[in-house]
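Participant: Sequence:
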Amino acid sequence: MSEELNFIPAPVTNRRSDQAKLGLFISLFGFLVFILGAKPEWLGLDRSPVIGFVQITVFTFGLGFLCVGGYIGLSGLWKNDERSILADIGARLIGTGYVIAVFAAMADIFGMGTQPLPEVPFFGPWQAVGVQFGQIMIVIGMTIMIPFHRYKKPK
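So the sequence shown is residues 1280 to 1434, counted in my numbering.
Because the hints were derived from the structure by calculation, they are not lab data. Backbone N, C-alpha and C define an ideal beta-carbon position, used for all residues, glycine too. One or more of the hints may lead you astray.
Here are the simulated distance ranges between beta carbons [unchecked claim]:
(1) V1418 x T1393: 42 to 52 Å
(2) N1359 x L1307: 24 to 34 Å
(3) I1364 x S1296: 33 to 43 Å
(4) L1311 x I1364: 30 to 40 Å
(5) G1390 x E1361: 39 to 49 Å
(6) V1378 x V1329: 19 to 29 Å
(7) L1303 x V1408: 40 to 50 Å
When you get a sec, could you build the whole thing from the sequences and use the hints?
Facilitator: What follows is the structure, given as structure tokens:
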């Protein structure tokens, strides 16, 4: 009898809210990795006056985690509703922005940057503009994916 009184049922969680939380945690992890690559001096890990291949790779991976986490989290906000065409376009903009940012960041490694391959690759001003353009596309895509229709007041 006393065992029945001490029984506490497990809380009911929504799979979609768990998905949104997972996306938030992945995004937070991605942000930390991105900061580690973009500004290692904030953590006392800076070894060079220029941004080299390792830093570019680390902040590119961090940006990738940010994109994946944002996509998972925003998909979780849609709950059981069907995503709109605009939200699908937003998801594609996130992917396209990431591809642009990666290609711009790795331009020297791919042989398309200002430094030919025998020279040490570094992150130059044109590459920074390309990465920023990719990040702007990612932000626009994530903004478009927000389910605004769920937050409108009924008339």
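Participant: It remains to establish, for every hint, whether it holds in the given structure.
Facilitator: Tested hints:
no.	hint	verdict
1	V1418 x T1393: 42 to 52 Å	violated (26 Å)
2	N1359 x L1307: 24 to 34 Å	holds (26 Å)
3	I1364 x S1296: 33 to 43 Å	violated (25 Å)
4	L1311 x I1364: 30 to 40 Å	holds (34 Å)
5	G1390 x E1361: 39 to 49 Å	holds (43 Å)
6	V1378 x V1329: 19 to 29 Å	holds (25 Å)
7	L1303 x V1408: 40 to 50 Å	violated (30 Å)
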